[in-house]
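Let's have the full structure, built from the sequences with the hints guiding it.
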Amino acid sequence: MAKSDTVSLSVIKRLPRYYRFLGELLKSGVNRISSRELAQIMRLTASQIRQDLNCFGGFGQQGYGYNVSALHGEIGNILGLNLGVKTILIGAGNLGRTIATHMDFENKGFDLIGIFDKNSEVIGRRVRGLPIRDVSDLTAFCQQYRPKMAVLCIPKEAAQEIADLLVSLGIRGFWNFSHYDLAVNYDSIVVENVHLGDSLMTLSYRVKDLAEKEAAKEVEQK
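With the numbering used here applied, the sequence shown covers 6 to 227.
FRET-style restraints, in silico, Cβ to Cβ:
no.	residue 1	residue 2	range
1	P160	Q53	37 to 47 angstroms
2	G85	K222	43 to 53 angstroms
3	F64	T144	36 to 46 angstroms
4	T103	L208	16 to 26 angstroms
5	L170	L14	24 to 34 angstroms
6	S13	R48	13 to 23 angstroms
7	G114	K161	21 to 31 angstroms
8	G202	P21	13 to 23 angstroms
9	L208	N82	25 to 35 angstroms
10	Q53	K32	23 to 33 angstroms
With a Cα cut of at most 30 angstroms, we get these calculated DSS-like pairs of lysine-lysine:
no.	residue 1	residue 2
11	K213	K18
12	K218	K18
13	K153	K91
14	K18	K113
15	K32	K113
16	K91	K113
17	K18	K153
18	K113	K123
19	K32	K18
20	K153	K113
Just so you know, these hints were derived from the structure itself, not from any lab. In this text the structure is predicted, and so the values were computed from the model without any measurement. We treat Cβ as the ideally placed atom computed from N, Cα and C, and that holds for glycine.
This is how it looks when you write it as structure tokens:
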């Protein structure tokens with residue numbers, strides 16, 4: 006349980022990484038780990054790890070460290086991975102079908118229950134065992150099944166209209182690949198924006214920066 010109602014976004018964004026690393030330790034048969042050892046694996050500081058976990062009450066024992074299985078389970082609960090939030094996906098193009106097929110929604114806190122598109126050529130096909138439905142059926146579907154989260158894999162120019170509809174139908178969480186800034190128009194929702202191009206440009210900078218540092222080091226050694 007969090008010690009306060011406000012935990013910084015930077016801490017929250019580190020939680021999935023803790024969960025992933027602890028899961029890998031479990032698979033390797035590690036039952037106990039100190040904050041120092043976990044820090045070395047994750048390339049953080051032991052102090053950072055303790056501060057992060059203390060936001061939720063702290064889970065270690067002095068002289069013992071952390072029980073890996075227990076901490077993994079606690080972080081999973083904090084992240085809500087057992088909630089199975091009803092989720093729909095809008096846009097069954099290449100990106101949407103790939104996400105629907107390969108994303109492990111069930112183990113990430115969500116239950117994908119519907120996929121929608123307006124393209125008559127894909128409507129009726131099945132993805133992940135679900136039929137691709139006509140987007141015109143969206144209102145009736147949401148009124149019947151009450152999803153709370155939507156994955157948007159649609160063009161930016163189509164995002165506002167569909168988002169207006171989804172918010173009116175009770176959708177409160179968006180995994181947004183549309184590049185449209187949903188948070189500008191709605192203050193009652195939560196959004197995770199995914200900009201693959203931004204990530205690639207960030208990598209471009211880091212590759213360039215690394216090359217420049219290596220070149221400078223070579224000059225110094227001559």
